[in-house]
Amino acid sequence: MSLVAVIGLELRQWVKIYPVAAGIGVLAAATPWLPGIGRDPEVWDRWLAATVVAFALAIGTALVRGATMVGGELWLKRASFLYARPLAASSIWAGKYLGTLALSWGSAALAVFPTALAALVRGRWAELEWLPAIPLAVATLATLAAAHVAGVALASQSRLVLAELIALAVAIWVGFRLLEGVLRWEAPQIAGWTLGTTVLVLFALLLAAGWVQMAWGRCDALRGHRVQALVLWSGVTVVLGALAVWGAFLAAATPRSLRTVTVARPGPERWLFVGGRSWGRADAEAAFLFNTRTSNWRAVGPWKGWEEHITFSANGTRAAWVAPQFSWGVPEWQLFLANLAGPTPEVRATPHAFASKDVPQRLALSPDGSRLLLVEEKRAEVYECDPWRRVGSLALPSGFVITARFRDPEKVRLRMFLPLATGGDERRGEFILADWRIADQQWREVWRSHETLSGMWKSVENESGTRLLLHRREQGNREVQLYDTDHGEPVATLGRWPEGEIGRGFFCADGRVVLGVREDGVGLLRVFSAQGVPLASWRLTAGGRPRPMAEPTVGVVLVSLPQESFGQTVGRAYELVELSSGQRRPLPAGYVPQGVTWGDGYPAPGSLAARLLLSPGGGLALLDGKSGVITPLLGRP
Amino acid sequence: MSEAQKESTGSQWTVEARQLTIRYGRTVAVDGVSLRVAPGEVYVLLGRNGAGKSSLVRCLLGLQRPACGQALLAGQDAWRARHRVLQRVGVVPEESNLPPGLSAQVLAAFHAHLYPSWDAGFVRERLERQGVPLDVPVSKLSRGQRAQLSLTLALGHHPAVLVLDDPTLGLDAVARREVWDSLIVELVDRGTTVFLTTHDVAGVEGVADRVGILVNGRLLLDEGVESLRSRFRRILLPPGASSDSLPPGQHTVSRRETPLGWEAIVERYEPQPAAQETGYGGARVLAMSLEDIFVAVTTAGIEGGAR
Numbered sequence: 000m001s002l003v004a005v006i007g008l009e010l011r012q013w014v015k016i017y018p019v020a021a022g023i024g025v026l027a028a029a030t031p032w033l034p035g036i037g038r039d040p041e042v043w044d045r046w047l048a049a050t051v052v053a054f055a056l057a058i059g060t061a062l063v064r065g066a067t068m069v070g071g072e073l074w075l076k077r078a079s080f081l082y083a084r085p086l087a088a089s090s091i092w093a094g095k096y097l098g099t100l101a102l103s104w105g106s107a108a109l110a111v112f113p114t115a116l117a118a119l120v121r122g123r124w125a126e127l128e129w130l131p132a133i134p135l136a137v138a139t140l141a142t143l144a145a146a147h148v149a150g151v152a153l154a155s156q157s158r159l160v161l162a163e164l165i166a167l168a169v170a171i172w173v174g175f176r177l178l179e180g181v182l183r184w185e186a187p188q189i190a191g192w193t194l195g196t197t198v199l200v201l202f203a204l205l206l207a208a209g210w211v212q213m214a215w216g217r218c219d220a221l222r223g224h225r226v227q228a229l230v231l232w233s234g235v236t237v238v239l240g241a242l243a244v245w246g247a248f249l250a251a252a253t254p255r256s257l258r259t260v261t262v263a264r265p266g267p268e269r270w271l272f273v274g275g276r277s278w279g280r281a282d283a284e285a286a287f288l289f290n291t292r293t294s295n296w297r298a299v300g301p302w303k304g305w306e307e308h309i310t311f312s313a314n315g316t317r318a319a320w321v322a323p324q325f326s327w328g329v330p331e332w333q334l335f336l337a338n339l340a341g342p343t344p345e346v347r348a349t350p351h352a353f354a355s356k357d358v359p360q361r362l363a364l365s366p367d368g369s370r371l372l373l374v375e376e377k378r379a380e381v382y383e384c385d386p387w388r389r390v391g392s393l394a395l396p397s398g399f400v401i402t403a404r405f406r407d408p409e410k411v412r413l414r415m416f417l418p419l420a421t422g423g424d425e426r427r428g429e430f431i432l433a434d435w436r437i438a439d440q441q442w443r444e445v446w447r448s449h450e451t452l453s454g455m456w457k458s459v460e461n462e463s464g465t466r467l468l469l470h471r472r473e474q475g476n477r478e479v480q481l482y483d484t485d486h487g488e489p490v491a492t493l494g495r496w497p498e499g500e501i502g503r504g505f506f507c508a509d510g511r512v513v514l515g516v517r518e519d520g521v522g523l524l525r526v527f528s529a530q531g532v533p534l535a536s537w538r539l540t541a542g543g544r545p546r547p548m549a550e551p552t553v554g555v556v557l558v559s560l561p562q563e564s565f566g567q568t569v570g571r572a573y574e575l576v577e578l579s580s581g582q583r584r585p586l587p588a589g590y591v592p593q594g595v596t597w598g599d600g601y602p603a604p605g606s607l608a609a610r611l612l613l614s615p616g617g618g619l620a621l622l623d624g625k626s627g628v629i630t631p632l633l634g635r636p
Numbered sequence: 000m001s002e003a004q005k006e007s008t009g010s011q012w013t014v015e016a017r018q019l020t021i022r023y024g025r026t027v028a029v030d031g032v033s034l035r036v037a038p039g040e041v042y043v044l045l046g047r048n049g050a051g052k053s054s055l056v057r058c059l060l061g062l063q064r065p066a067c068g069q070a071l072l073a074g075q076d077a078w079r080a081r082h083r084v085l086q087r088v089g090v091v092p093e094e095s096n097l098p099p100g101l102s103a104q105v106l107a108a109f110h111a112h113l114y115p116s117w118d119a120g121f122v123r124e125r126l127e128r129q130g131v132p133l134d135v136p137v138s139k140l141s142r143g144q145r146a147q148l149s150l151t152l153a154l155g156h157h158p159a160v161l162v163l164d165d166p167t168l169g170l171d172a173v174a175r176r177e178v179w180d181s182l183i184v185e186l187v188d189r190g191t192t193v194f195l196t197t198h199d200v201a202g203v204e205g206v207a208d209r210v211g212i213l214v215n216g217r218l219l220l221d222e223g224v225e226s227l228r229s230r231f232r233r234i235l236l237p238p239g240a241s242s243d244s245l246p247p248g249q250h251t252v253s254r255r256e257t258p259l260g261w262e263a264i265v266e267r268y269e270p271q272p273a274a275q276e277t278g279y280g281g282a283r284v285l286a287m288s289l290e291d292i293f294v295a296v297t298t299a300g301i302e303g304g305a306r
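Those sequence lines, one after another, are chains A and B.
Going by numbering that gives the first Met the number 0, the first sequence runs without a break in its numbering and finishes at 636.
Going by numbering that gives the first Met the number 0, the second sequence runs without a break in its numbering and finishes at 306.
Looking at chain A on its own, in the form it has when it is part of the complex (with noise of 0.2 Å):
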């Protein structure tokens, strides 16, 4: 009873506003005929001003009225109206705020109560969706509680209250830093979970503050201010520790708190680039650089690329990344570099950074990894990693796919297609291979033939560069060609096939070629010497089309089978095949080779690359190609 004498009471004292909004109401519904205003797009107009007119009544009174309501009492000496009869405190904690809410929430509906009397009038009812409601009360209360606290901080004429304001502004400056290192990871659940949570905390923090206030310090504005101070400034810190430890425990991930990979670039030897979710940390996604030898790693922060933008020279001493800085609004994506070397990778931004529409296309390391290769749409440029400087830049034609990668750290070997615009199914234009001499600063054309885009993506070349592996496309079939690149001919042919009967094949260690094919509906592993001689072909599957895809140790391949039911591919196993003897060893169900081709690229033969699996539970595995063991490396086995 006494709750609703005090809100009548506000009510009472208030009430001339409510006049006052539905005038201003009435004024913003007859927008589009207000003079200099057209009437086109009217129901536009009209909301937005009944919008405007209605945020600025709330949120107006809420000012005013917080800041007055207990404040101005105070100063005035007439606070002990209320507290002098019998009201118990909250009943006017309470009261004051729920008749303030009500002037402000009431001013803004009469506001907009003829817009929207005039759209229900013409039956669009639709309109109403149109109203902020929602943020409308909160910013209200919001307000209104941050008001009564200055309000009462300002009656106190505390001198705290200078030392308050600087406190404040460090407080919003260490907040935002600490914000800044949850929300660089870029992870939705975990930003909304504390932006929420941060802006709930605050929220009740203010309205302890006042109701403590006005529990505790009644008509003594000094005592009043004291309290809510230590009630705001407590939780203040308390919210800020919350955010630093939130945010160090996010940071504090190691690669053996992951439970899900998400991304893995190994290297030729030891490092491996993992990242991925880590226990309690929900959707942040931290990336390591992890020694699968030694069990060494450094964390490399929030990880949001993707596993093209993650390279490592072939030697293994060096890596490098593009990731996403997080800056407030401005996407900016850095160019990372790591020496491998010691035993601890040495991690350094270089001063490469891109905007999100810039970011290159391809990375690649020199194989001793002193230089790095950048290629972006129209241009590719080479960088000397240390001391970093560009050292070769070279303009490239428009409309090209390409990729790129070292033959040595003076020569780039460049893959280009040239769509011919034909029509038709498959995109089909020119392949070219060119050589380019950084220090020349032009490239040398190596290799070009018509091919279609298919094509170019499933020939390989081998490690050194000097063969390539051509699936071209002749009257309908794939015809698979061995050429010597150095001197452009034909090593020879290894077959042709249906379209759709050949896959990508690789180059083994010893210079073999391995095909996956199907042959009258049998799926058959096709071995090439390095001169393109049949050695062997082994049945691996009664219908689909084997796929080799590396060679964990030399003489084994690693290779997936499709298994198929009426015609569809409904799962696939892996098994490893023995070169020379076609013995066959499958992999325990549910583990899957990881990766295993960027780009133009296959894994290395017996690299960390071609042995790399993910485990059934989401984690990583390492097999041996020798014997088959599976040995678990990362996350959950």
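Keep in mind the hints are simulated off the structure, nothing from the lab.
Okay, derived cross-link-like pairs now, SDA-like style, lysine to any residue, Cα gap no bigger than 25 Å in a straight line:
id, chain 1, residue 1, chain 2, residue 2
1, A, Lys15, B, His110
2, A, Lys76, B, Arg25
3, A, Lys76, B, Gln86
4, A, Lys76, B, Tyr23
5, A, Lys76, A, Ser157
6, A, Lys15, B, Gly100
7, A, Lys457, A, Gly531
8, A, Lys76, B, Arg47
9, A, Lys76, B, Trp78
10, A, Lys15, B, Asp134
11, A, Lys377, A, Trp442
12, B, Lys139, A, Ile16
13, B, Lys139, A, Thr67
14, A, Lys15, B, Pro99
15, A, Lys457, A, Pro533
16, B, Lys139, A, Ile6
17, A, Lys76, B, Tyr114
18, B, Lys139, A, Gly71
19, B, Lys139, A, Gln12
20, A, Lys76, A, Val160
21, B, Lys139, A, Pro18
22, A, Lys76, B, Pro99
Using C-beta positions, here's what the derived DEER-type ranges look like:
id, chain 1, residue 1, chain 2, residue 2, range
23, B, Thr257, A, Val160, 52 to 62 Å
24, A, Ala87, B, Arg128, 28 to 38 Å
25, A, Ser233, B, Val294, 49 to 59 Å
26, A, Glu331, B, Arg79, 56 to 66 Å
27, A, Ser233, B, Glu124, 46 to 56 Å
28, A, Val160, B, Arg83, 26 to 36 Å
29, B, Pro99, A, Gln188, 50 to 60 Å
30, B, Pro99, A, Ala251, 54 to 64 Å
31, A, Ala138, B, Gly100, 24 to 34 Å
32, B, Arg128, A, Ala203, 50 to 60 Å
33, A, Ala203, B, Arg83, 24 to 34 Å
34, B, Arg83, A, Leu199, 26 to 36 Å
35, A, Val160, B, Glu124, 44 to 54 Å
Each residue gets a CB set at the ideal place from its N, CA and C atoms; glycine is no exception.
Dock chain B against chain A, hints included.
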């Protein structure tokens, strides 16, 4: 121990302060004050500006928390049990704290929601009698009308205790008289306990049962009015008489030379035989008003008279 037990102190006094100390930062406004007001008693707390009267009143009403000590109202801790104990208390503040935009009618209706014993007829009749318009906002009332409205609202539920903090502050002589007269008529006969602070010492002379004098936050004197009056005398000595020739056994509070001779204020006055009183150089012994005693006490710093 329940909350009610904590709040109840078992005190037999209607108003009580126990070693009450109030501080504002480093400033001590009230310093260890103890006083007690019996049921039905009219207690007048006197003091100069800034003596700490209003702070004491705020503590007694539970509006402010003391730094130490305890304020009790109707036997309950005023800070803890404020809103419950105020059901039986009427309060008139030093300055009008009424919401300026509301009329007497609206305020009366508001109070009716708060007090089950609210006497609407009495309130209306009293406001009309005091010439307070019902439908005019407080901001448009005269000071006197505001004071009467405050007093009426404080009396509307027939409180057992009335706390008035300098209710005549800023009022003219007529308005002051009206306030005191109405108090005498309406309260004293009803046996309402009154705790009152004022600067209008003369106005409360006929009302007060007991007086406390607060000087610089300390209660220098707390005594029944009759006892106080009988204790103090002003003695006038003619010109030429020595200021030492006062009746023996008196404690001289102050003495000063005036154009008409010597004037002395004495405490613990013992009546002398008439012959002796006039035998000391023609001295005249005069009774003192409460105001004179207040001035003498506050300037000379006399203590004493606790219950």
